[in-house]
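Using the sequences and the hints, build the whole thing.
First to last, the protein sequences are chains L and R. Numbers given in the numbering used here equal positions in the first sequence, counted from 1, plus 164. Numbers given in the numbering used here equal positions in the second sequence, counted from 1, plus 712.
Read the hints as simulated data drawn from the structure, not as lab findings. Being a predicted model, the structure only gives us computed values, none of them experimental. Just so you know, even glycine gets a beta-carbon here, dropped at the ideal spot from N, CA and C. Check before you lean on any hint, since a few could be wrong.
Derived CB-CB ranges, DEER-like [claimed, not checked]:
no., chain 1, residue 1, chain 2, residue 2, range
1, R, R1128, L, V399, 51 to 59 Å
2, L, K368, R, S1117, 33 to 41 Å
3, R, E823, L, A448, 50 to 58 Å
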Amino acid sequence: MISHLETVEFCLSNGLKVLVRPVHSAPVATCWVWYRVGSRNEIPGRTGISHWVEHMMFKGTPAFPKGSIMRLINKNGGQINGFTSEDYTAYFETLPADRIDLALRIEADRMANSVFDPAEVEAERTVIISERQGNENFPEFLLNEEVVALAFRAHPYRHQVIGWKEDLRRITRDELWTHYRTYYGPHNAVLVVVGDISPPAVQKRVEELFSAIPAGDPPPPVIASEPPQMSERRVVVRRPGTAQYFLAAFHVPEARHPDSFPLLVLEAVLSGASPMSMTGGATATHRSARLYRVLVETDLAVRAGCDYSFNLDPGLFLFSATVRDGRSLAEVEAAMWKQIELLQHEPVSVEELQKAQKQARAQFAYALESVTNQGFWLGLMEMVDTYKSFESLLDKLAAVTPADVQRVAQTYLTETNRTVGWFVPTDHREA
Amino acid sequence: MGVYLSPSPNEHAPIGPHTIRHFTLTNGIRVVVQENHTSPSAVICGHLWAGNVSDPPEKVGLADFTAAAVRRGSTTRTYQEINELVESVGASVFFDAGRRLTRFGGKSLAEDLTLLVDVLADLLLHPSFPPQEIEKLRGQALTHLKELEDDTRHLADREFRRLLYQDHPYGWPVEGTLESIPLIQRNDLVTFYQTHYRPEGAVIVVTGDVSAETVAELLEKHLGSWRGDPSYAAVAAEMPPVSAPQDARRSVRVLSNKTQVDIVFGTVGLPRTAPDFYAARVADTILGHMGLMGRLGDTVRDQLGLAYYVYSTLEAGLGPGPWSVSAGVAPEHVEQAIDAITAEIVRMRDQLVSEQELEDAQDYLTGTLPLRLETNEGITATLLNMELYGLGDDYIIRYPSIIRSVTRDEIQAVVRKYLDVERFALAVAGPYQM
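Right, dumping it as C-alpha cells:
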C-alpha cells in the first residue's frame, strides 16, 4: 500500500535534507523538523539541556514574538508540538493543507532566530522542574530512571531526557544558547512535509525560506560507547507506594543493525505488534501474546509487556510488569525468565510469526491514516537509520525467520546482559 | 500572505447529508455509515444505554465491571479464543462503560470487518460471564484501584467530582471503589446485562473502506434479531436534578512522598444540548486552550512559571458535566497558582474578551475540523456524537457558522452564569497541607 506513495528527497546547499511525500486522502498536511540532538549529546552537569532548548523554541523569535507561534498555528486550525528523545528533537505542525506555508515559515525562522531571553529561561526553569516533579510522582518513572542509569556505565543514554534535577537547577542561559547554536541549523536537521501538497511547490518554497540559513560547524560527535556488560545488575527501589513494579533491561543493538527487525518480531511475539500511532487511536493486540498469557492470565500480574525501540546507538530491550496485589515480584520475574528460555530453546511457530507479521501490516495501515503519523515515522527512521527503512518495514519484517528470532533471543536476552529493577512499596507486606 | 502549496483545496467533499448513510435494523438499532476509501481499514463504534449512573450505590463500578466481563467470552468462544481470533488479524474489540452509556466497537483492516462484527455481536448477544474470568477481572481492578490511590492527578480528579456532585450519581467513580468491587457478584453482572444491554436506543457507526449496503446487511444479519431480555423492562435512568455548589468546598489529600501537587478547581457546567453550549465552548477555548493552554497558560505557566500544565475542561455531555481547571504545581506554589487561576476567571467574568481573541478562538475551532475528521476514528466519534445529541447530518457543514455566531457578550454571560469564584469545588492532592 505504501509502494505507490513516493517520497521526494532533496538537499539544500546548506545541508538541510528535505523529504516530501504527497498524500491526498484528506485536506491536511504536516510539517516536521528533526534535529540530530537529544539527551545522547549531553555531558554530565548539563543533562536535560536538549529538552530545555526544545521548550525555549516555543518562546518566540523577533519575527514571531513570544506566544505568537502556538496562537498562529491554532488560529489557522492547526496543531503544534515538540518533543525530545535520546537521539533527536522534533517539532511538528499539522494544518489544513492550504495553510502549511505558515509552518514552513515558523520552522525556518526558529531554526536560526529563537530568542533566549534570560527572564524566560528562569520562568522555564520552574516549569521544567515542575515537569520533572510530575514524573517523579509515578513509581514507574523512578524505577525506569534507576534501571537505565544502572544499565549504562559509559554511554549518555544513562540519564533520562528530562535530566537530573540538580542540573536543571544549575544550567545557565548561555549554556542553553550555546547548545542551540551548536545543534540547530540546516547542517544538523531534516525537514519532512507530508500531506495534500504538491512536491514541486513545496520544494520551491523550502528553497526560498531555508536556503539563506547558514550552515554551522559540524556538531561534536558522541564518542562514548558502552562496554559489554559482564554480569547481571540489580536495583531495588524502596519508596512509599501501593503496587509493586518489575522492570528488566537487556542491551540490544542500534536500529541500523540487521538484528533490529528480528528484535521487533520478538517484541510482537511477546507482547503484540506495537501500535505505530503517535496521535492516539492505538490498537492494542497484546492479549493473545505470550507475556499476557503467562503473566496476566495466570493472575501473577495486572500488566505485562516488553518494548523495543529504534535507537541511534545500542539501546535497551525492556520487560515490564505490574504485580497483581497479593503476588510477588519474585514470581513475576521467574515467569519472565521462563518465557525467555522458551524462546531460546524452541523456535516460534510459523503461525505465530505470520500472526506477528499480519499485526504489523494492520498497524502500518492504521498509522498511514494520519499524515502526522507518516511524518513522524519518516523522520524518526531518518534519524536512527534512513527513511527508506520505513517504506520497506513490512518487507523487512516478512523476511524474518523463526531461526532469526531464536538467535536474537539467545544472543541478547542473557543473564549477564540484564539489569533488573524492583519497585517495592515501603509499607508493603509480602503476601 | 500565505502561499498555497496544495493542489486541490476544494477536492475533498465535506461529510454531510449526501455522504452519510442511515439504516435501521429490524430491532430498531440505528446504523450510520460513512464510506472512506482512503485507507484499507474500518472502524466500528456504538453505544447502549447502560452506564455508571445505573449502578446500585453500594456496588458502584458495576457498569464498568459488566462491560469488562462481557468482553471475557461468549457461550461458544472463550476469552482466549476471542483474543486469538481478533488479534491474529491485527484487529481489536472493546467495551467501555461511561457515566450514561456503554460504548463498544473495534478496528480492523476492511477485509476483516466481517470477523470483527461477528465477534462483537457474539459478545453483545451471548456473553457467558465465566466465573474464573470474573475473579481475574476483580483482582486486576483491585490492583488498579490501589495504584490509583498513589496517583495524585487521579485523586484530585476523583475528589473534585465527589465534592462537586456530592451524592448525585455524576459524582460516582466509574471504575468503582476498593469497597464496592469485592461486593459485586456474578449475578449482579448478569442482571445488569439483562436489564441494560438492549437494542432500544442503540446506535452503531461504521467508517472505512466499506460499502454502506454491505455493512447494513452484515449488521442486520448479526444483530437485527436481537431483542434483549423481555422479562426486564428497559429502564431509562431518571436523573435527579444537578445543582451547582452553593458554597466553597475544599479537600486536600496529603501524599507526603510525592514531589508535585495536582489541583482541580471548578463548578457544574452545562449539558451538550444547552443553548449556550457553543458560547461556553468558545469561552473555554479562550480561558484554557488557545495557544499554550489559553489565558491560564499565558499567566500561570508562562508569565509566573508556576506550573508545567494548567488547562480548563468543559465536559458537556447528556447532563451538566463539570467545567474545571486542572494544574500541576510545586508544593510551595499552590496558593499562588489557585489565586492566579481565579484571577483569570474573574477577568473573563468582569471584562469582555477582545475581538481579536474571539476571532482567534473561532478560527481555531472551525479550522481544526479537517484535522478532527482525518482518520476513521475521528469521523466515527464525530458521527456518533451527532446521533447522540441529534445535531443533524448537516452539522459539520453548519458548524463554522454556529461558532462564528457566538458574540463577546454571550461569552461573558456564560462565564457569569456558570463560573463562580465564590461557590466552587477545589481538590488538591500531593505533598501539601492546607
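* Looking back at the numbered hints, which does the structure fail to meet, lowest number first? -> Of the numbered hints, just 3 does not hold.
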